[in-house]
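Participant: Here are the chains, one letter per residue:
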Amino acid sequence: MTNPFAKPWIWSWVAAALAFALTLGLTSGRGAGELAYAALSFGAFAAIVGLGQMLVITLGPGNVDLSIPATMTLSATLALKAMGSDEGTALLGLVVALGAGLGAGLANYALIFLLRLPPIIATLAASLVYQSFAIWSNRGLRIKPPEGLADFATGRFLGLPNVAWVGLALAIVVWVVLERSVWGRWLLATGQQMRVARLAGVPVELVRASTYVTVAVFAALSGYLLASFSGGAALNMGTEYLLMSIAVVVIGGTSIAGGYSNVPGVWGAALFMFLVVSMLNSYGAGAGVRNVLTGAIIIAIVIAASTKKRGRA
Amino acid sequence: MTDHESAPIVALTEAAKHFGPVRALDGVSLSVAPGDCIGLVGHNGAGKSTLVNLVNGGLAPSSGEIRFDTGGTALGAGVRSVFQELSLCPNLTVAENLRISHSALKGPGWRRPARAEIRQSLDTVFPDHGIDPDAEVDTLSIAERQMVEIAIGFAPRGTEARLVILDEPTSSLDAGIAEQLLAHVRRFCAGGGAVIFISHMLGEIFDVATRIVVLKDGKVVAERPADGFTRQGLVDAMGHVTAEEGETSETARSFGAEIVRSPEGLSAREGEVVGLSGLAGHGQAAALARLYLSRTSSWHARKAPEVVFVAGDRTRDGILPLWSILRNVSISILQQGARWGLVDRAAEEATAAEWKKRIGIRTDDVTNPILSLSGGNQQKVLFARALASSAPVIIMDDPMRGVDVGTKQDVYAMIRAEAARGRTFLWYSTETEEVCQCDRVFVFRNHEISAELTGADITEERILEASFEMQEAS
Amino acid sequence: ESHMAETSDKRIALSNNYAGNSWRQAMLQTFEETAEEAVANGVVAAADAYTTSENQATEQAAQIQNMILQGYDAIVLNAASPTALNGAVKEACDAGLTVVSFDGIVTEPCAWRIAVDFAAMGREEVDYLASRLPEGGNLLEIRGLAGVFVDDEISKGIHAGVEEHDQFEIVGSVHGDWAQDVAQKAVAGILPSLPEVVGVVTQGGDGYGAAQAFEAAGRDTPLIVLGNRQDELQWWAEQRDENGYETLSLSIAPGVASLAFWVAQQVLAGEDVPKDLTVPFLKITQDTLDAALESTPEGSVANVVYTLEDAQEVIAEAK
Amino acid sequence: MSLLARYRIILPAVSLAVLLAATFWMQPRAMSYFGLNLLFNLAVPIALATIAQMMIIMVNDIDLSVGAFVSLVACITATFLNDAPVLGLAMLLALIVTYAVMGAVIHALDLPAIVVTLGMSFVWGGIALFILPSPGGSSPGWLRTLMTVKPPLAPMAVVASVVIAVVTHFLVIRSGLGTVLRGVGGNARSVQRAGWPVIRLKALAYGLAGLFGVLAGMALVGLTTSADANIALRYTLLSIAGVILGGGEFTGGKVSPTGAVIGALTLTLASSFLSFLRLSPDWQIGAQGAILILVLTARLVFRQKRAEA
Ligand SMILES: Nc1ncnc2c1ncn2[C@@H]1O[C@H](COP(=O)(O)OP(=O)(O)OP(=O)(O)O)[C@@H](O)[C@H]1O
Ligand SMILES: Nc1ncnc2c1ncn2[C@@H]1O[C@H](COP(=O)(O)OP(=O)(O)OP(=O)(O)O)[C@@H](O)[C@H]1O
Ligand SMILES: [Mg+2]
Ligand SMILES: [Mg+2]
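Protein chains in written order, with our numbering: chain A, 1 to 313; chain B, 314 to 787; chain C, 788 to 1106; chain D, 1107 to 1415.
No wet-lab data here; the hints were simulated from the structure.
Some hints could be false.
Simulated pairs of lysine-lysine, DSS-like, Cα-Cα distance not exceeding 30 Å [to be verified]:
1. C:Lys943 - C:Lys877
2. B:Lys419 - B:Lys721
3. C:Lys797 - C:Lys1070
4. D:Lys1256 - C:Lys877
5. B:Lys419 - D:Lys1360
6. B:Lys670 - B:Lys616
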């Protein structure tokens, strides 16, 4: 089984590479570095929320976090307000952001566990509340991040964007946790069949709680970095990450039925989602064409991935 | 007796089915004529379910031929199947489930005849079943579901049933209900119907079968009229080296301190094998599940668990379907040997390899997917999962469902050996024979313990008595 | 004044479809301040603001219907769609309510419209570029949210302007959804495939993001037309102090909500008010930059609060 | 078996009744023919979209493209159906067929429906932008008349909701084919074994979803008189919430059409109720979330009863 096309994650990378090549075809190769750099920068935010969403989706059917955009906005808003553009407060801001994420994750899980709400509805409803909190906390005013933090978020190290390093590091951690750790096995077991996992001695509620907290903390981190990167938090800053977080997970080859995750696919899909829009924009496609083609490509990737999977079985 | 002169309903010639390298069925010839009741036996993974699926058209043969007397499909020939895995739609009512397999029920007002038909069929096969045709299936107990499935199998459904295939139909039925089914099968065959009856309970086979077919590793190794076999002969034909019998009359063992006591009165001591009995669906499984859930937490897991669970309803309670055999075995013992939260993969592999050997899981590689195993071998994986842990208490919820005779003997021996080393077993079984091997038995009736039997009191009569008492009184 | 007394028992509601950016927040704040003062002075009995949870016409239509039920006398409306609310607006008119739409206006004839000529705004951007860059060059267009009326109008204006000044060519067009971070991302994605860009035409709220994307790509900052956000103005001022950067910023002032409030009050007071009114957009030039920066709270949008007198003036002009 | 578990419709119905009573108490004006129509007429397209979503959930899938699809239908209705009825009708039929084909493909290739429909939502949205790059179009006259008709006794919104509930109840719960379709959600394998062509059943379920999606888009245009490409995007989440609120479950073919309609009405009413509360604008959005949680919390009682059963 060394056929690389048998891996479900390969397709998102193939698609990303194609989009990259097609874009550069327009300029006969000029700007490759720039484009790759931009893809890594912006892909990082999608990858970070995507990794969190992936863990949740792995928990099985019906598990998804729709509060990611609101959590990003809320934590970024609170963090930037706490920092108030003062130098040397970056760490304080990070703590505030992650704290907000932790709170949101716990609240989401409390709704799911205590009130037995389906996660889709619970996180959707909770996200409206978080949005209100964000509005209330500073009425949508954009506060600039401290300069040092902004420099870090937009800076690079060894030629790669710093945010991409953060995203890569998280991906590696998540990969190790899923592939090698006890908790990862527990998560995968819970995702296949919660009742079975419980009867096999898996602490399923601990797994679920920690997963919902993790996704919210990842969203908070992503929000914090995004706000630092783009010069401040805005009330609508997370909006596009709702569909994005789900899309990168499923395009990346994670099973929507639960119990099977795919870390490399998330990064591939995150790069793809950025590159495909860049490609279509570069070719001058209008919003209509862009949407139709994006949709068609997503479906094509899913079909390709599933056909190969069946061929192997 | 069988009328071999009449044309067979279905005839297989050299039928074979391969799953990749696995030869699940390896050239089987068999014909079933009206009035036949064929008892199909064989070890776990012998190919029985595969044979059934070829006959009913669920699988296409890799080679060979399957011919029906009507010349058409299995459905057209009046072939009905009751599958090893429950296969009703749990969200529909009993009557609606009949509708699924009875496409002639059409038009407005189909519900009334559907209700009448399924009630009629249930009444015929299982008198006093007490099942409401308007009940949703997922509100029924597993035994009731099995009864409904059997009743649907025998229901007229427009065309009469001519050949009914029953794949381990009694595995979740208690003795009384199973006896009703056997009686019905005999009536059905006497009336000119044909049945293929698969079971690991040889008593049942001898009870109903007119002819017995023994499968071994995908081949028919013996086929004779039922009276041509003795029990031992049958076991030998199946080719399993059975453990020595006769350990039943062992001297009274001494037990340790009490280690389990539940609010409803279940108790067990160290080293004791405690049986739970009574009619199916009277709260035994629920009591065990409650006990397990109260002794474990969904919030934290201990390195060495206090109790482990062996599920009988595999798909609902036991199998992690996406995983390999290896990961299915190791899930309960991951924390042993884990460092910094990381799984010790070498130890994990060693454990799986050891248990594959000890309990005889029929596979060439433990990294194969669990779903490539036959039903009984999946069950062995669940045993391995529990026994591999160091838990002092093992809870078993009718764990022998679908396990073949030979393996059962091995597992009994293993249970006794573990008990001798001080582990405690709480064992619910629908087979009185198994319960009778226990050191102490609790009989359940209406979700309460109606009797606690020990020592010489543990007899089939006493258990039956305690199971029914209330019903006679009322 | 006599007009005041006649509306002292009237109740006005603001129907708003979106609260998710600083412009809308400034708008809500201005309305609230205006309304509070008006209620305190006994000009009207109540003036309440309502926002839908999603930026959707269907939800806003329901909101308008609720306002009818609640017995408001007038609705001040910033609409999610110029046409999709017509059914609800008609119902309100039929029930005797006064509907004054602003910013996002509705086409239903029974409603009043306080419109900004968005197409003119787009044209003006290109005119300005032509005055600064007479030799022309390549332009990048940043659009708003696809399928929304304002986006289409401004874009039309821009394209009309480019047609007029044919020394310019639009070499790329992306949707920035009127959000800083989305614009930044879209621009970063298209930049590598673009030739040299001399100017960026925007719709407001996305100029800063574009500037950041240019900087990150290591390109020279082109002439970016800005949209009155404080962070954009701040950036402009910094650039100006550093290298004499010069540009134009224009957008509609969030305070137009207060204008709409006063127009509604005038209609309720029985004044004869023409159905179509226009407000000029708020333009900030190199000369007014410092003043604008000073009066704009950090992170907000440059604003103008309109008074009753302003409203009367706008009405008189339209007659 | 408890009453609640047996009739999963009771709980949604009670929630709606309580909310309605609270609304009447807050705003007595709503307690009239006119008031009820205003409260509920926009719930009609939502109810239809919820039924569409329910058809998909019924066969164990989930449809993330309902909102975009209804928007597209609205765009077609407000343009082609108005200007060239035959062409418009043909386009709408083609959409229904496309939905059915989508169902068949999802089944045949064993694709995750959530991803395919996510992709399709982009496709529908893109086509809608082609048709209406900026808002506009207008409702066919007959449609406008139909949606603003004033029947005797009860207002259009109430009559329409009842009709939708009754028709879909017979279609999904009572009819034989509906039973088989729910069976696909419960246990597709056993339906297959019984000799049903599951691929066609799936196509049928999706086709029905397409049909109700088309009806939703048309009803919406009849009410709003015109369309835009984003007009119904939020129907995706609303319809999912409606199905769940109405006692449906994500898996296992457990759905209730009557419940779905009630769920849609409840969601609509909930936001009206909030605006009657006159909260501070900061908290209006959050309150929508809070009330959703509140209404759904009632399910807790129901669940506990079921667990005991
Ligand atoms: N889908 C499949 N893929 C691969 N192997 C399979 C598959 N189905 C069955 N097998 C293999 O075919 C063989 C026969 O299986 P089958 O289910 O017919 O056994 P069985 O006699 O019914 O056993 P049991 O008594 O345990 O139910 C087994 O070795 C099994 O592992
Ligand atoms: N055998 C029965 N046991 C319990 N309840 C029954 C039975 N038969 C009918 N009912 C009840 O009587 C009522 C009327 O019967 P129903 O209309 O369902 O039958 P039907 O005419 O066969 O159905 P339909 O014509 O609508 O398909 C229902 O509420 C049903 O629950
Ligand atoms: Mg079998
Ligand atoms: Mg058995």
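Participant: Which earlier hints can't be squared with this structure?
Facilitator: The structure conflicts with hints 2, 3, although it agrees with all the remaining ones.
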